[in-house]
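Student: Each chain, written out:
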Amino acid sequence: MKILKTLLVTAAVSVALIANTAQAETKKIALVVKALGIGFFEAANKGAQEAAKELGDVEVIYTGPTTTTAEGQIEVINSLIAQKVDAIAVSANDTNALVPALKKAMDRGIKVISWDSGVAPEGRSMHLNPSSNPLIGNMIIKLAADNLPEGGDVAVLSATATSTNQNTWIAEMNKVLPNYKGINVVATVYGDDLADKSYRETQGLIQSHPNLKAIIAPTSVGIVAAAQAVTDAGKIGQINVTGLGLPSEMAGHVKSGASKSFAIWNPIDLGYSATMIAYDLIGGAEAKPGAELKMGRMGTVKLDDNNEGAMADPFVYDASNVEEFAKIF
Amino acid sequence: MAETQMVARHIPDRLEGRGARLVKSWETLLVAVALAIFLVNSFASPYFLDPWNLSDATFNFTEKAMIAFAMALVIISGEIDLSVASVIALTSTVMGYAVQLGFDTPALVLIGLATGLLCGAFNGLLVTGLGLPSIVVTIGTMSLFRGLSFVILGDQAFTGYPASFSWFGQGYVWWVFSFEFCLFLALAILYGVVLHKTNFGRAVYAIGNNQTAALFSGVRVGRVKFVLFLLTGLMAAVASICLTARLGSTRPSIALGWELEVVTMVVLGGVNILGGSGTIPGVVLAALIMGMVTFGFGLLNVPGIVMSIFIGLLLISVIALPILYRRFRGSR
Numbered sequence: 001m002k003i004l005k006t007l008l009v010t011a012a013v014s015v016a017l018i019a020n021t022a023q024a025e026t027k028k029i030a031l032v033v034k035a036l037g038i039g040f041f042e043a044a045n046k047g048a049q050e051a052a053k054e055l056g057d058v059e060v061i062y063t064g065p066t067t068t069t070a071e072g073q074i075e076v077i078n079s080l081i082a083q084k085v086d087a088i089a090v091s092a093n094d095t096n097a098l099v100p101a102l103k104k105a106m107d108r109g110i111k112v113i114s115w116d117s118g119v120a121p122e123g124r125s126m127h128l129n130p131s132s133n134p135l136i137g138n139m140i141i142k143l144a145a146d147n148l149p150e151g152g153d154v155a156v157l158s159a160t161a162t163s164t165n166q167n168t169w170i171a172e173m174n175k176v177l178p179n180y181k182g183i184n185v186v187a188t189v190y191g192d193d194l195a196d197k198s199y200r201e202t203q204g205l206i207q208s209h210p211n212l213k214a215i216i217a218p219t220s221v222g223i224v225a226a227a228q229a230v231t232d233a234g235k236i237g238q239i240n241v242t243g244l245g246l247p248s249e250m251a252g253h254v255k256s257g258a259s260k261s262f263a264i265w266n267p268i269d270l271g272y273s274a275t276m277i278a279y280d281l282i283g284g285a286e287a288k289p290g291a292e293l294k295m296g297r298m299g300t301v302k303l304d305d306n307n308e309g310a311m312a313d314p315f316v317y318d319a320s321n322v323e324e325f326a327k328i329f
Numbered sequence: 001m002a003e004t005q006m007v008a009r010h011i012p013d014r015l016e017g018r019g020a021r022l023v024k025s026w027e028t029l030l031v032a033v034a035l036a037i038f039l040v041n042s043f044a045s046p047y048f049l050d051p052w053n054l055s056d057a058t059f060n061f062t063e064k065a066m067i068a069f070a071m072a073l074v075i076i077s078g079e080i081d082l083s084v085a086s087v088i089a090l091t092s093t094v095m096g097y098a099v100q101l102g103f104d105t106p107a108l109v110l111i112g113l114a115t116g117l118l119c120g121a122f123n124g125l126l127v128t129g130l131g132l133p134s135i136v137v138t139i140g141t142m143s144l145f146r147g148l149s150f151v152i153l154g155d156q157a158f159t160g161y162p163a164s165f166s167w168f169g170q171g172y173v174w175w176v177f178s179f180e181f182c183l184f185l186a187l188a189i190l191y192g193v194v195l196h197k198t199n200f201g202r203a204v205y206a207i208g209n210n211q212t213a214a215l216f217s218g219v220r221v222g223r224v225k226f227v228l229f230l231l232t233g234l235m236a237a238v239a240s241i242c243l244t245a246r247l248g249s250t251r252p253s254i255a256l257g258w259e260l261e262v263v264t265m266v267v268l269g270g271v272n273i274l275g276g277s278g279t280i281p282g283v284v285l286a287a288l289i290m291g292m293v294t295f296g297f298g299l300l301n302v303p304g305i306v307m308s309i310f311i312g313l314l315l316i317s318v319i320a321l322p323i324l325y326r327r328f329r330g331s332r
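Same order as they appear, the protein sequences are chains Y and P.
Be aware that the first sequence starts at 1, since it is given in full-length UniProt numbering, and climbs by one per residue.
Be aware that the second sequence starts at 1, since it is given in full-length UniProt numbering, and climbs by one per residue.
For the record, the hints were derived by calculation from the structure and aren't laboratory data.
Just so it is clear, CB atoms sit at the ideal spot from N, CA and C, and this is done for glycine as well.
Fair warning: there could be bad hints in the mix.
To be verified - Computed Cβ-Cβ distance ranges for the label pairs, DEER-style:
#	chain 1	residue 1	chain 2	residue 2	range
1	Y	K53	P	I273	37 to 43 angstroms
2	Y	D232	P	A320	41 to 47 angstroms
3	Y	E323	P	N272	53 to 59 angstroms
4	P	P303	Y	T26	19 to 25 angstroms
Same shape as in the complex, but just chain Y:
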């Protein structure tokens, strides 16, 4: 009798299981990150879950290796291929090493995109950058100008004189400078992304430009050092430090008033957008130069000749939200 019961239950369970897989039309999107346990990526997962909830028929598989290695990510990708997921959105530990594994995924009909940290073009159908150089260049000057309705002198504290990223952003900033009336960029100094040198360069700026109203530091090392130098010189309220920084490092300076606001990409939006794009591709959208892919509440992303796209303006952090994000990254 007992055996019969067990058999019946087993049969019922297996039928239920089979039925379950049969009606499972939900699309599986895997969000593969550099390594698990990193605040930035946990936040991206939060965004991906938000997208899944909004879309309804999506299951997000948040996964990644324990350490930031390409080999670990390949093992993860292999197991995702075996599970026949519908799409893989990866932030790569290695631009090139993931290509063979991702190519195999694409051969088996899985949509592959990269976000945050890209994969070489042959290993993905598109790459989502958090932002673009023109958007960043515009944002850093806008942050300074928004707090200076009367205009005034501003200075730039950059990384090294040869830093490609910073130089590009400053060049883009100079292009849009005429749009901000009354704002004069009086100096550009280089802190070499070293805390002590950035600190000393800021002290120099404060002394040689008595009318300085804002310091723009498009580097996470520089912005913290500049805020500290302004605080130590007793210039809080006179000189506003802004630029690109990490919420966890800047929360204190925002609280003290040395920095009214700063910008960096928002990992939640990034995870959300990557999921939305993957869903759009599963739905039949094609990733090709010039194509526009849907990103839900973030609008659309337009792809350039390398099938890369920029998500949005850098996200602005100020006293209202910096505490919340400081816990994340």
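Mind docking chain P on chain Y? Use the hints.
Tutor: Chain P only, in chain Y's frame:
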């Protein structure tokens, strides 16, 4: 006077019969564990029992297992080689450099194997020539070899390996059987024969059990050990060729942390970490177990850290089980 009857008494070579020994052996335990994991995996995920998926999964362990065979011999002889992952990195870097100079696949393979042998010879000379402890020597060369790789590459990567080269890491010999898996099987047989059926293999056991006694029995201890370090270097180079071909690129961080995974595989396979005992079939089974656990957990999207915890627990329990068993029997 009764005639004394001479009775030929048979004294057995071993106290237990073949069957009894087989049942109680470590390998039997491993087979049981492997079967259990295989069954659990098959029930836990509908994707496990798919020839292509299983074939993909073999890449999780084949390269590490190739090194584990040579490592098993080194550990049985009472030494250890912790530089193997760094040898992979250096070998891969040198091959990548050769690609930039325009060398083709056969030359690349030869250059790779030569680099591995050189690294192994360097380790071997320091251990046998200067008599330094192998754990110290290979911790040193672990930093040295990977350091060289970092000096050459920095934050760059070597790419552009010839298409024919990628066959070593991505090619298939027949149906779902990849080149790597076939090589793994061939090396398993080769090392099994060398360790269990040759004089060299007996010498390795002899050294591991009692180095001094082995020396006085005429075993050339230094020479055998030197050959063993050459072999780990060579196997690391073979693994490096496969891994580099599979990734299609080289970075100095390639195979980071693999030395411990290889040692884990060897110890899980029943090789005594203090030397003197262990078998190649045990290592093969341990490789299969680790590969299946990694793949099975991967299919269920279990985070990697849980996998590490599981492998750790598995390792401790398989080592503790026989000791507990003996204690239990002794106390009765």
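Student: If a hint holds in the structure, say so; if it doesn't, say that too.
Tutor: Comparing the hints with the structure gives:
| no. | hint | in the structure |
| --- | --- | --- |
| 1 | Y:K53 / P:I273: 37 to 43 angstroms | violated, 50 angstroms |
| 2 | Y:D232 / P:A320: 41 to 47 angstroms | violated, 58 angstroms |
| 3 | Y:E323 / P:N272: 53 to 59 angstroms | holds, 55 angstroms |
| 4 | P:P303 / Y:T26: 19 to 25 angstroms | holds, 21 angstroms |
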